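Modelling step: build the complete structure from the supplied sequences, incorporating the hints.
Sequence order for the protein chains is A and W. Each step along the first sequence adds one to the number in full-length UniProt numbering, with nothing skipped, and position 192 is 192. Each step along the second sequence adds one to the number in full-length UniProt numbering, with nothing skipped, and position 192 is 192.
Because the hints were derived from the structure by calculation, they are not lab data. Remember, predicted model here, so these are calculated numbers, not experimental data. Check the hints yourself; a few may be wrong.
As the list claims (entries may be wrong) - Covered stretches of chain A, as calculated for chain W (at least 3 residues, CB under 8 angstroms):
#1 17 to 29
#2 205 to 219
What the hints assert, rightly or not - Short derived list, chain W residues pointing at chain A, Cβ under 8 angstroms:
#3 H101
#4 R221
#5 A235
Claimed, not checked - So these bits of chain A aren't anywhere near chain W, every CB distance computed over 12 angstroms:
#6 G58
#7 D92
#8 M114
#9 P123
#10 G167
#11 G259
Built from N, CA and C at the ideal position, the CB exists for glycine as well.
As a plain string of letters, each chain reads:
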Amino acid sequence: MSAATLTPQAGRVTGPGVSFPRTLNSEWIKFTTLRSTWVLLATTVLVMVGIGLLGGWGIASGMEQMEAAGQDPAAAGMDSSLLYLMTSGGLDFGQLIIGSLGVLLIASEYSTGMIRSTMTAVPSRLSPLFAKALVVAVVAAVVGIVSSFITYFLLQPILANYGREFGLDVDHLMQSMLLSGVYLAVVAVMGLALGSLLRNSAGGIVTLVVLLLVLPIVAQIIPFDWVQDGVMPYLPSNAGRQMVMLETADGDLTQWQGGLVMAAWAAVLLAGAAVTTKARDV
Amino acid sequence: MIEAQGLVKVYGNKPAVQGVSFTVQPGRVTGFLGPNGAGKSTTMRMIMGLDRPTSGDVLVNGKHYAKHRAPLREVGALLDAKAVHTSRTAYNHLRAMAATHSIPTKRVHDVIELTGLGAVAKKRVGGFSLGMGQRLGIAAALLGDPQTIILDEPVNGLDPEGVLWVRNLVKALAAEGRTVFLSSHLMSEMSLTADHLIVIGRGRIIADAPIQDILNNRAQRVRVRTDRPDVLTRALAGEGVSVEAREPELLEVSGVAARAIAETALAQQVLVYELTPLQASLEEAYMDLTKDEVEYHSGPVADVHDHAGTAESGRHAAVAAGAGQEGN
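Shown next, in the form of structure tokens:
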């Protein structure tokens, strides 16, 4: 029994030490060995595809009815470009699930005590945080892009009923579909950072929802110009939406600008998380 | 080897650890004994770099824990049996921990076998009993085959077989020359497991001595049942002897050996129908130490931790003083 199977050691410790790639591997194992990860990822794909298909079908049938009634759908804001956007039409809901996944990834470690095992194995503290950010960002991007393409391919037979199918060669369509993955990646990192800052699942998710959904609504009803022009466009979800647009209107943020503004939100939150992770007791 | 120098930890304005210094030597089991809330876990978290000391310093294997190149191979710790994600299986938990140091999967299987987790390794940790959780924590601590092992309350929740297993395991690890630092509030368990004892109370070191010294320094008590307690009490009276009447015919005598009591009784022609030397248990010794804490704390104890790590004999003297007071 007992220590007979342990090798006694003398003097210096040999064998591999801690490194970022090893920490990344560990975080990947942790990420993939939780059932909740797979449930949330599958839900994200289902919800995003489902909303995209419903949206595309609704718009196409609406356009047909208006044309049958002799109206111009474009006058009501319904044209092909709106259909194109439906490839990532589930982004608003998908971001909440992916963002929650980011929050849970680290907040659940604090709530279960796992974080102490994590920080004991990798005492530099920042590596596990950044490794988690990398894992969740890459997975979120893949989920976003895969969802967009599944939506695209399932949407075409539906749109064909209305004669409104479109090809992947539509200008900026592929770019938009790929950037919807980037959008989810940035939201996932924001969620992770909030989960790390607050160390609490519910608090992190609520704060994320406030940032992504509540603030834009609140800002919209404040009638000051400086809010409308100086705040509204720079809120994370508003800036992010510009990033996945096929075309941006003059005076609005361009895709690039929107993407950078959104990434800045994530970078600031992650930097805050890094500082508190380093400073606070575990 | 663990070296703590003047460790202080204050949470808000509530001091948890107040200037603790000690050295845990390799090759023996060092027990860290104290009531709940005495500062044991806080001290251990500071050793592992999870809590930053308010002041003071602690080195493990000669460095700050976080400065080690391969910390899991240097130090293995069970700090909290619940330091595991409840939705993950034991096997996957250990695999993820091992991955940080490229510890091979074979070693993961080895520690699962070693800790007797084979049957439940593929089950989610949330369904584990407290005892299985402890075994998983110990498995994680042993993953890197570390030179120093720190276990916080390892026998909590274990069944008798598990307690015996931990006892033998830590003794075997110490016998291999490793540093073993074990906390507990169960004094009886410590008396069976530890070679050396660091007693902590209210965030301060009360005693730091070999366990035998702590036991020996306590006055021997003998339980005597006799139908003439008054006569025997008078006959035994003398310097350093205390006789307490516990029941009408029951005395508890300290300061006189059982044989001497029997001889006195024989000389006095007093019938004695029970004569039981009471083993000075660590539990009692511990109660004595903590009971005296308030009385002699301000003076001599300050001495104890000021010199800890260098003045071994000074600390023994303090222990003796603590136990001595009791035997008046």
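Structure-based check of each hint:
{"no.": "1", "hint": "17 to 29", "result": "holds (count 8)"}
{"no.": "2", "hint": "205 to 219", "result": "violated (count 0)"}
{"no.": "3", "hint": "H101", "result": "holds (6 angstroms)"}
{"no.": "4", "hint": "R221", "result": "violated (36 angstroms)"}
{"no.": "5", "hint": "A235", "result": "violated (52 angstroms)"}
{"no.": "6", "hint": "G58", "result": "holds (38 angstroms)"}
{"no.": "7", "hint": "D92", "result": "holds (28 angstroms)"}
{"no.": "8", "hint": "M114", "result": "violated (4 angstroms)"}
{"no.": "9", "hint": "P123", "result": "violated (4 angstroms)"}
{"no.": "10", "hint": "G167", "result": "holds (44 angstroms)"}
{"no.": "11", "hint": "G259", "result": "holds (33 angstroms)"}
When each numbered hint is compared with the structure, violations occur for hints 2, 4, 5, 8 and 9.
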